[in-house]
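**Student:** Protein chains in written order, with UniProt numbering: chain R, 1 to 98; chain C, 1 to 98.
These are calculated hints, taken from the structure and not from any lab test.
Check each hint, because a few of them may be wrong.
Note that identical chains are pooled: a pair holds if it fits in a single copy or bridges any two copies.
Under the rule of at most 25 Å between Cα atoms (straight-line distance), these lysine-lysine pairs were calculated in the PhoX-like manner [unchecked claim]:
{"hint": "1", "residue 1": "Lys27", "residue 2": "Lys4"}
{"hint": "2", "residue 1": "Lys73", "residue 2": "Lys8"}
{"hint": "3", "residue 1": "Lys4", "residue 2": "Lys72"}
{"hint": "4", "residue 1": "Lys75", "residue 2": "Lys11"}
{"hint": "5", "residue 1": "Lys91", "residue 2": "Lys5"}
{"hint": "6", "residue 1": "Lys8", "residue 2": "Lys80"}
{"hint": "7", "residue 1": "Lys5", "residue 2": "Lys73"}
{"hint": "8", "residue 1": "Lys91", "residue 2": "Lys72"}
{"hint": "9", "residue 1": "Lys60", "residue 2": "Lys80"}
{"hint": "10", "residue 1": "Lys8", "residue 2": "Lys75"}
{"hint": "11", "residue 1": "Lys27", "residue 2": "Lys91"}
{"hint": "12", "residue 1": "Lys75", "residue 2": "Lys4"}
{"hint": "13", "residue 1": "Lys60", "residue 2": "Lys8"}
{"hint": "14", "residue 1": "Lys27", "residue 2": "Lys60"}
Computed from a predicted model, the values in this text were never measured in an experiment.
2 protein chains.
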Amino acid sequence: MDTKKAAKIFKALSNPNRLELYFQIAKMHESSFPADSECFVTDIISSLNIGAPTISHHIKELVNADLVRTEKKGKFLICKVNEELIEEVTKLLSLQQQ
Amino acid sequence: MDTKKAAKIFKALSNPNRLELYFQIAKMHESSFPADSECFVTDIISSLNIGAPTISHHIKELVNADLVRTEKKGKFLICKVNEELIEEVTKLLSLQQQ
DNA sequence: ATAACGATTCGATAACTATCGAATTAATTG
DNA sequence: CAATTAATTCGATAGTTATCGAATCGTTAT
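With the hints as extra help, turn the sequences into a complete structure.
**Tutor:** This is the structure we're talking about:
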């Protein structure tokens, strides 16, 4: 991964609300029951103290950085984290070299 | 580490030039010879395509996020990465939960 | 002492961003 | 079909930031 792409990923995680959003998506994604493992945005909105338009904006940023993948299910939106990418980033950071 | 602090760290790494700067500090820091392990800012300036004032600004940001520690040596500035902090961050990311 | 050099500070500017409310779209339910 | 609900889009705004050139400060070398 080149520096520019890495910087883009960090930028996507650089806002407290967006990072919290990412963590919640990651947490739901790891639920033990498959039926519960789908992360709907609605559930997140109520727990964060920001409006729906802002959530929508943040999700777009996470998707744009490829940290999150989304899928439409009826009128709901399902979010999943891209685990491979976060693994790449952590490797980059722990090696501390390009 | 709480979400707010983590976001601050990611913000510090979110600019391509600043991230590159951080990587160079990390790289020099890992040099095998102790005599060579001191990272002077001057060396970095020439390799990055930005002016000295901007470098100074970026270093301040890295220090402010506690990612980098500095030390004055005569008219030079020595930079070292805070390895413990980056370890904390990578753990946070790989666990994917607060 | 004076020149040169590394680094910082300052002021300005252009670009970007987080957030909001209002309006809109699309899907579901009654 | 009408009403409700989830999500998005739009326009606006206030705040932040990356970068620059010029000026300045401190240290070293001549």
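**Student:** All hints, please: hold or fail.
**Tutor:** The hints, checked one at a time:
no.	hint	result
1	Lys27 / Lys4	between (28 Å within a copy, 17 Å between copies)
2	Lys73 / Lys8	neither (28 Å within a copy, 34 Å between copies)
3	Lys4 / Lys72	neither (30 Å within a copy, 30 Å between copies)
4	Lys75 / Lys11	neither (29 Å within a copy, 33 Å between copies)
5	Lys91 / Lys5	both (14 Å within a copy, 21 Å between copies)
6	Lys8 / Lys80	both (19 Å within a copy, 24 Å between copies)
7	Lys5 / Lys73	neither (30 Å within a copy, 34 Å between copies)
8	Lys91 / Lys72	neither (31 Å within a copy, 31 Å between copies)
9	Lys60 / Lys80	within (13 Å within a copy, 35 Å between copies)
10	Lys8 / Lys75	neither (30 Å within a copy, 34 Å between copies)
11	Lys27 / Lys91	both (21 Å within a copy, 15 Å between copies)
12	Lys75 / Lys4	neither (35 Å within a copy, 32 Å between copies)
13	Lys60 / Lys8	both (13 Å within a copy, 20 Å between copies)
14	Lys27 / Lys60	within (19 Å within a copy, 34 Å between copies)
Of the numbered hints given earlier, the model fails hints 2, 3, 4, 7, 8, 10, 12; all others are met.
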